[in-house]
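Residues per chain are reported as follows:
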Amino acid sequence: MGASVTATTGAKRYKLSKLEKSERLLGIALLTPAALLLLAVVVYPIVELLINSLYSYRLTRPGYRFIGLENYAYALFEDDRFWHATLNTVIFAVVTVPGALVVGLGLALLANQPFKVKWPVRLGLLLPWALPLVFAGLIFRWFFEYRSGIVNAAFEFVGLPPQNWITDPNLAFFAVCVAIVWKSSSFMALILLAGLQTIPKSLYEAAEVDGASKFQQFVEITLPMLKPAIVVALIFRTITAIQTFDIPYAMTNGGPGNATETMAMYIHKTTIDFLDLGYGSALAAIMFVVSAIATSVYLRHTRRDTGRN
Amino acid sequence: MSDVVLTKVVKAYGATAVIHGVDLHIKSGEFCVFVGPSGCGKSTLLRMIAGLEGITDGEIRIGDKVVNDLPPRERDIAMVFQDYALYPHKTVFENMAFGLRLRKRPENEIQQRVKEAAAILRIEHLLDRKPGQLSGGQRQRVAMGRAIVRNPKAFLFDEPLSNLDALLRSEMRVEINKLHKRLKNTVIYVTHDQVEAMTLADKIVVLSAGHIIQVGPPDEIYNRPAHKFVAGFTGSPPMNFLDCTIADGGGAIELAGGVKLAVPEARRATCAAQAGKKLTFGIRPENVLANPAPAADVAAVAAQVQLTEPLGAETLGLLRVGDGELTGRFSPEAGLRAGAPLAAGFEMRKFHLFDPESGAAIRGAGW
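Line by line, the protein sequences are chains A and B. Letter by letter, the first sequence follows residues 1 to 309 in my numbering. Letter by letter, the second sequence follows residues 1001 to 1367 in my numbering.
These are calculated hints, taken from the structure and not from any lab test. Please read all numbers here as calculations on a predicted model, not as lab measurements. Don't be surprised by glycine CBs; every beta carbon is placed ideally from N, CA and C. Possibly wrong hints are sitting among the right ones.
[Stated by the list, open to error] The following label-pair restraints were derived from C-beta to C-beta distances:
(1) F215/A - P1106/B: 21 to 29 angstroms
(2) I272/A - R1101/B: 57 to 65 angstroms
(3) S1135/B - V297/A: 31 to 39 angstroms
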């Protein structure tokens, strides 16, 4: 009410009425606990981590010494193991993100079929997603076991020689990729299924009348209509791919050698096994930057896309 | 020639039949409207012609081809959907061109046909836009444009105007009418709005519960309804129905409450044949007169005005006659007042009789 009275000239600023002011106060009061909690569990650890990354801080040696950007310089210019772990992480992402997208899209299309009984399909879709990552890693480690694994059993069944899945560097990498794709494609499928269900049926009918075959309907209707969901799924999947840890940890523990070691595993080893908190913090900060860059690339892409639409 | 012929068409879901053996011949170039209340099967019938629903039994023929087992794309039809079903990620041009592209027409032909259709529908300035940037009426035009570029054997419209507001709807009705006069294609149009049916159709097909109740041109549907259902579905307000019996050996109709209406000479024989039976008397609101001058075929009745609804150009009055109630359509000058008595009259050359059990119209020659 007060607002409309003061709004006599165009340039004049609207004043908040008493009611609006009290609502704003209530809003601030309601948000404060959540903001404080975020500050305590997100902002404080990040700041602490950034500070630690500027120090030489090893629990195996006494002292807490400021060394500026030395930790960063060592990681970027001298530490081959860091670069190897980074390369592994990138390859994992490049292989498993599209892999999970393709498998997830297939699963989503399957689950979107008009089955009479829907729950077994939905359950099959949800199960890999609901399973803890370490479990998935252990299950696949057993699958790829040399003697008792189901994969070698299948190889022998069709007359192929058994393979050293876990101890051969290339095969181990491949095995870890398979496990990651299996685990992550169900999450992809869930997001894509939600996207599929928003596409109106009449679009397919219109396309059918227009003369499109099922494949043309998929290319001309499903894929473009699903694009926003695909982008969201890719963003989430890429961010988690950069953080890949549990599955290779449970399957190979980074081995053989460092063949399947990821950035996250190297950070974990540096901090927890080698107790080098300063250097571990610097590595974590670098990984954070990489994640942020990957995210912003996708976000930019989506923003441009919505702008065009 | 692109006649659409339905022969004993049945649609059943399991044991439940929803279309019960429909026979219909839609001639080439005809504007045929399926009309009926929700759930009468009109959309299902249209979707069966389109090929979006299979048929359980019978035969559908488009042109000289039996299309029972052909998918929609091989039936050479175009359809306008209730929600328009425009491809949101394609421009208006690409929406209209899609069917031609799938048929691999040369690019210059596509350009030419889309532009021609856009010109007819006055949407040339929208060709680069996406459907999300268009108003409801514009989307409707694009949906029609997408149908006409292909020059199909038949256009199928599934309640195309039901998402538009009243003003736009009457505007688009005129547009569709003009379009049909210009293109002269076979059109099958589904609506639950009897005004659309009356104004657009060459032929109206009235459906109820999966049966065709009556097929005919609009004036026949309106003036000679074959069934009480048709009479009650057409006209706004619809026909009045009152219980009656035939009295005086066919010379009079007696309404409940003892009101007697003299039957004109020409209709007496038919009425006499129904003597003693309980019937339903039907009269359209415009055939109820206020303060009529005495005339041979106007039956004077004493009525009580219960309610008036002034609509500007006319006034609807809810009247009590004997034990029954009916609505009349009067000139505002008639000076109807709620609660006041009215010397009313029925135009007895225009009344209808129905069998109360079956609902079938009882009609003599020349009625």
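> Can you name, in rising order, the numbers of the hints this structure does not satisfy?
Replying inline: As far as the earlier hints go, not one is violated by this structure.
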